[in-house]
Each structure stands twice: as C-alpha cells, then as structure tokens.
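Asker: Next come the chains, spelled out residue by residue.
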Amino acid sequence: MAKTLLIVDDSATMRKIVMRTVKMSGLDFDKTEEAGNGVEALEKLVAGPVDIMLCDVNMPEMSGTELVKEVRKLPDCESTKIIMVSTESSQELIDGVMADGANGFITKPFTPEKFQEKLSPFMN
Amino acid sequence: MATSLTGVQSQAIGLSKDAFDVFCHDISGMFGVGMECKQQENTAETVSSLTERFKKLAAVNSVKAEGAMDGTFQLIFDQEGLLILSGIIVMLPSTNILQRIKRGTVTDIDGMTDAIKEVGNMLVGSWDKVFREGLEKHGHFVQTDTFIGNPWDDPQEKIGLGEDGEFLFIPYQITIDSYPAFNCGVIFPGAVFDKTQTEEKIRAEVRAKLEAEAAEKAGLEAEEKTEAEEKPDLEAEMKAAIEAEERARIEAEMKAEAEAKMKAEAETETKSKALAERKAETEKKAEAEAEAATDIKADDAGTTASEDAAEPQQSETPESTEGTEAAEDAEPAEDAEPAAGAVSETIQKMVESPAGLPGEHFQISLATCAKDIMQTDVLWGNADDSVQQATEKMQQADVGHMLVGTEGLLDGIVSRSDIASAVSVYLKPMFAKWRRPTDDATLQIRIKWIMTRPVQTIKPDTSLAEILKNMRQSGVRCLPVVDQQDKVVGSVTVFDIFAALLSGDSGTSTAGKTPQAPPLE
Ligand SMILES: [Mg+2]
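Chains as they are written, first to last, in the numbering used here: chain A, 1 to 124; chain B, 1 to 521.
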C-alpha cells in the first residue's frame, strides 16, 4: 500500500532536495507534504496523520527534537515513523531523540541510497 | 607556522582535507556532479591578507566547535564558489550558473541565500562526520551563522574575526565539472585550540614538533598514495554514474511515451463511447455553448484530446523538461487564445457525468470542489520583481504560476508562458551565438507590465465542473481560490485537476503537492 510522507525543514531548498532525493531513491509515496516549521507540521498531522515524517533537527522556534515529543503526544500519530535528518550526528543527540520517540536518523549530506536504506524498513 | 603546530592543530589540518573531500563526495553523490578538491599550503593570515584573497563577495559559515576543539571557526567560499554550489543544489541549468558567475551581481546572490546557507549546513555536516571519526574527544560542530557579502569592512561584527588577530588559514581549490575552479578554505582562530593546549601544556609542547613532523610526513605520503589510487576509481565511478543516468533517462522516456500512447487510446475509446451514448445531449450542449460563447473558437476535439493526454505525463516525468518548454514555447499566447484550450471538452464531460462512463480509469465525485483539490501553498511575488527574479522564484518553488499582490489580495497573476513570451527568444542556449545585450535586457522587464489582470478567481466551494468550464472558456490554467474577503486561500491548476482525475481520491483532502511543472533538471 502506498504511503504518505511529511517533510519538515525550515529551509525550502532543503525540502526540495529531500523530496528530490526521496524520488531518486525509488521509494513510492502516495502523497508528500511539506512543513516549514514545527507548528505547521503539527497542524498538518492533526489534519491527517502520515506514515513517515522526515524531520530536520535544527529549526528556529520549535526544534526537531521538541517536535518529536509533541508528535508523540498526538493520539493518531502513534504509528507515524519519524526519521530525523540532521547535519549534527553526535551519539548524544541521536540517543536523546530516539528515546523521545524517533525511529531513525539520517545525516546531511545524504544520498538516495541512504534514504532507501533508512526508509524501506517502514514501507511495508 | 608548521613548526609551532600542536598535535590537535596538525590533526585538524589533516582532517580538514578529509572533510572537504567528504563534502565533495557527498555533493557529487547527491547532485550527480564531478568534484575535485585540492588542498593548498596552510598559512598564517590576518584580516587584511584574507581581504586580498577574497576580494569579491564571500559566504562565511561560522561553526561552533565543542570538545577537543573549542570555540568558533569559519568556513569560507569565494563569490564563484557560492554561486556555483548554490546553483547546483537548486539544480539551475549550467548556462544560468555561468551567466551568474559572469555577472556576479548582488541580485544574483540575493535570491540564493537559502541555498547558500544549506551548502554551508551540508559542509558543516561533512566536517562533523569526519572529525567525529578522526579526532579524539570531538564533541560536535554546529553551524551558527552564515554571512553572505563583503565581511572585511567589519569582520568582528560580521563574521566574528578580530581585526588584529592572526589565524591559521587552510586554502582549498575546488573544481566542479567544467565550471571555473573556485577558492574556499577554513579559518582557524588560535583560540579554538586553546583548551586542549592548556590541558596538555607541557607534554604537548615537547611532543608537538615530533608529532607534527611525523603527521605531516605521513599525511603527505598518504595523500600521494590515495591520490594515485583514487583517480582511476573516481573516473570509473563517474563513467558508470553517467551511463546509469543515461539509461534511466531513456527508460523513463520510453515509459512516458508508452503511457501517453495508452492513455490517449483509452481516452479516445472512452470518448467515442461517451459520445455515442450521449449523442443527442452532446449536440444540444455544443449548440448551447456555441451560442453562449461566440467569441471562442470551436474546439478541435482531436487536438485537445492528445494534448490532454500528453500533459500529465510531462508533469510526472522529470526528464521531459525540454519537451514541456518546447510545448510552452510553441504556444506562448495560450492565455489569450482560448481555442488552444487548457481543458478539453472530453474531460469536462467526464466530470459532469462520470457515472455514464466506463470508469475504470477515472473516478471522481460530483461533490468535488475547489477546496478538495487546491494547493494551499501558493507562490507570491511582487509587481516590481523582474522577469528573471520571477523565473527563479517559480523554478525554486517548482510551480508554473506566481500570484502578485499584498496581504493575500490579488493584483495579478503571471505564468511561465507569460514570461516565455516576454523574454527574448535569443536567450535560449541554442541561440547563444546571436545573443545581444538587448536580449538580456528583457530579463529585467517588471512583472507588473506582463502580468494578467484582473485575475479570474473561484471560491472554495466552486464545483470541479464549474472550474473546468471556467478554464475552458477563459483558457487559463491556474485559478486562485479566494475567501469571502477576496483573500487567497489556495489555487487550482490543470495539474491539480489531472491529479484528482487520475488518482480518483479527490473526495479526500489532497494537500499533497501536485507536480506543477517539471523538476529543475
Ligand atoms: Mg534547518
């Protein structure tokens, strides 16, 4: 069954790059949405949960790590898989955000193969 | 300088080479370009000597380091570098990037700040990755700021470098594909190494010389070796990548062609059945329409059917950019010519009476209205934007239309074909030889002179049938959706309608983005 995807990043350029890389990775999404900040992402998730959320860590106002905690409070988003996308890759950060409920971590810069590797386990 | 390097410093110099190499490798992998990076001899620099090195505009990324290195250091790109890299990551055509390098105006850079910041962000990502593996007690690197412009008149304020300080500078030269080589580098203020220096004070000083010499020698040897080993590998890799891309392109083209053909056939069949079944009704309707809109030329059913079949394919096939451009060029005055219709009669009929159709391909609810299929994420621009700025905005946002106005209220709308018909045809790469300055001048035409106004709008509850009728009669391909106060809440384009028709799930809200134009490749 085709899946839905939400890309959260404060940079419009990066959202485009992520979207393009997802396409190049051959993963097939039924619907792809974008959000430019945490609040917008939450609004979209409340309106309709998605299967996979790709989430930037470094964002103004609400950071990606804070967003993960908020998403996990939403009753309809229990099964949403959250993959963090970040330039920072310290073990501390990864452990923290995984403990808060993220399901995966991709470091920037990334390749289509990396998306394939990290997302395909959640595509079935 | 080399003689006074501490262990961490010389390690950092070695790792900076790896970090730039990894960055080049990452960018190559993401954007399919060939990149090569050469380290040049590190030097002690001051603000005034750096001013000499970076005479034009520069992008300076401030990086906060924690752990073995502690404090802020800077990663710098020259003007050519920031234009090339940002152009590549937003996938501008190379001719466009080369023009920007040649012109090198502030406007060229202004539109790219987001992309330039992301280049810096990715560079810091590569650096963090390499230092995490290579430097003991590395905490992390975080990009704290990106300055774009001329930092040298107030370096303390703009990029955090003291005017009288001395810095360790490691220059690099990067070459991407056939673009001119550009300069970049890392500026390490002494303070980032202070912490470790104090900790290891005595030991470090005694051992530093030996370590530095050994590390440098080993580094040089390793470098020579890796360079010798890597070259054939890289070439083979690049060749394979190019071949794979070419193959993928041909396959996609074939697939798109086959699909377009199938769809055209299916549509013709659907149409003939529908027509047979409802002949009387159709005739009546045609008559009524002909009367109602005497100024609209008769719709050539054959032509529109095949056009409609081809269009959604173009939007779904990344490789068909040229095709679409050609198609757009072929009909530059589409908005003024309803006969070249945006929506065919066939599709309108399908929507009006879907139940009577052999509906395995198209299922759409009669209740579907604008708010169900509209895109809420619309692109806005200014009436004073130049054609060139508008083109860039539309390319970056990947849309075919830009709304013009303030605070949600519309003054006008401009489409890619409005722009195509406004700019000189000699700007096309194929006419480059004959290009004159007056042709370039057409890029500076302001949007307000070419935009369409007043703008035709629809309401959120306008039905799909109404929308199609409106588009067909007016020949426009994008209708902004406005609320009671005439504020724009979204837009419906022909692509949204195609997406709704093809996916058949238009009853549910589809905030998902329909491809509005081919990707920038
Ligand atoms: Mg960010």
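No lab work stands behind these hints: they were computed from the structure.
Treat the hints with care, since some could be wrong.
[Said to hold, decoys possible] Cross-link-like lysine to aspartate or glutamate pairs, in silico, DMTMM-like; alpha carbons within 25 Å at most:
no., chain 1, residue 1, chain 2, residue 2
1, B, Lys459, A, Glu40
2, B, Lys56, B, Glu166
3, B, Lys487, A, Asp95
4, B, Lys487, A, Glu43
5, A, Lys114, A, Asp95
6, B, Lys137, A, Asp95
7, B, Lys255, A, Asp28
8, A, Lys114, B, Asp177
9, B, Lys255, A, Glu113
10, A, Lys3, B, Asp486
11, B, Lys64, A, Glu66
12, B, Lys255, A, Glu40
13, A, Lys3, B, Glu213
14, B, Lys195, B, Glu136
15, A, Lys114, A, Glu43
16, A, Lys44, B, Asp398
17, A, Lys73, A, Glu61
18, B, Lys55, B, Asp154
19, B, Lys17, B, Glu157
20, B, Lys64, B, Glu157
21, B, Lys371, A, Glu66
22, B, Lys448, B, Asp486
23, B, Lys487, B, Asp385
Model, not experiment: these values are computed from the prediction.
Asker: Hint by hint, note whether the structure agrees.
Answerer: The hints, checked one at a time:
As the CA atoms of B/Lys459 and A/Glu40 are separated by approximately 24 Å, the hinted pair is consistent with the 25 Å bound. Among the hinted pairs, B/Lys56 with B/Glu166 is consistent with the structure: their alpha-carbon atoms are about 21 Å apart, no more than 25 Å. Among the hinted pairs, B/Lys487 with A/Asp95 is inconsistent with the structure: their alpha-carbon atoms are about 45 Å apart, more than 25 Å. This hinted pair checks out: B/Lys487 and A/Glu43 have alpha carbons roughly 21 Å apart, not beyond 25 Å.
Note on A/Lys114 and A/Asp95: the hinted pairing holds, with a Cα-Cα distance of about 19 Å set against a maximum of 25 Å. Of the supplied pair hints, the one linking B/Lys137 and A/Asp95 holds, its CA atoms being roughly 18 Å apart against a limit of 25 Å. For the proposed pair B/Lys255 and A/Asp28, the alpha carbon gap of about 17 Å is at most 25 Å, so the pair holds. About 24 Å separates the Cα atoms of A/Lys114 and B/Asp177, which keeps this hinted pair within 25 Å; it holds.
About 23 Å separates the Cα atoms of B/Lys255 and A/Glu113, which keeps this hinted pair within 25 Å; it holds. Our distance criterion of 25 Å between C-alpha atoms is broken by A/Lys3 and B/Asp486, whose separation comes to about 35 Å. For the proposed pair B/Lys64 and A/Glu66, the alpha carbon gap of about 21 Å is at most 25 Å, so the pair holds. Straight-line distance between C-alpha atoms of B/Lys255 and A/Glu40 comes to about 37 Å, which puts the hinted pair past the 25 Å bound.
For the hint pairing A/Lys3 with B/Glu213, the CA-to-CA distance comes to about 56 Å; that exceeds 25 Å, so the pair is violated. In summary, the hint linking B/Lys195 to B/Glu136 is supported, as the alpha carbons are separated by about 14 Å, within the 25 Å threshold. Annotation: proposed proximity of A/Lys114 to A/Glu43 is violated, straight-line Cα distance about 28 Å (limit 25 Å). Simply put, A/Lys44 and B/Asp398 have alpha-carbon atoms about 21 Å apart, close enough for the 25 Å limit, and the pair holds.
The straight-line distance between the Cα atoms of A/Lys73 and A/Glu61 is roughly 19 Å, inside the 25 Å bound, and the hint therefore holds. Taking the CA atoms of B/Lys55 and B/Asp154, the gap is near 14 Å; set against the 25 Å cutoff, the hint holds. Of the supplied pair hints, the one linking B/Lys17 and B/Glu157 is violated, its CA atoms being roughly 28 Å apart against a limit of 25 Å. At most 25 Å may separate the alpha-carbon atoms for a hinted pair to count; B/Lys64 and B/Glu157 meet this at roughly 16 Å.
A C-alpha spacing of about 32 Å is found between B/Lys371 and A/Glu66, which places the hinted pair above 25 Å, so the restraint is violated. With a C-alpha separation of about 20 Å, the suggested pair B/Lys448 and B/Asp486 falls inside the 25 Å cut-off, and the hint holds. The suggested pairing of B/Lys487 with B/Asp385 holds, with an alpha-carbon distance near 21 Å, which does not exceed 25 Å.
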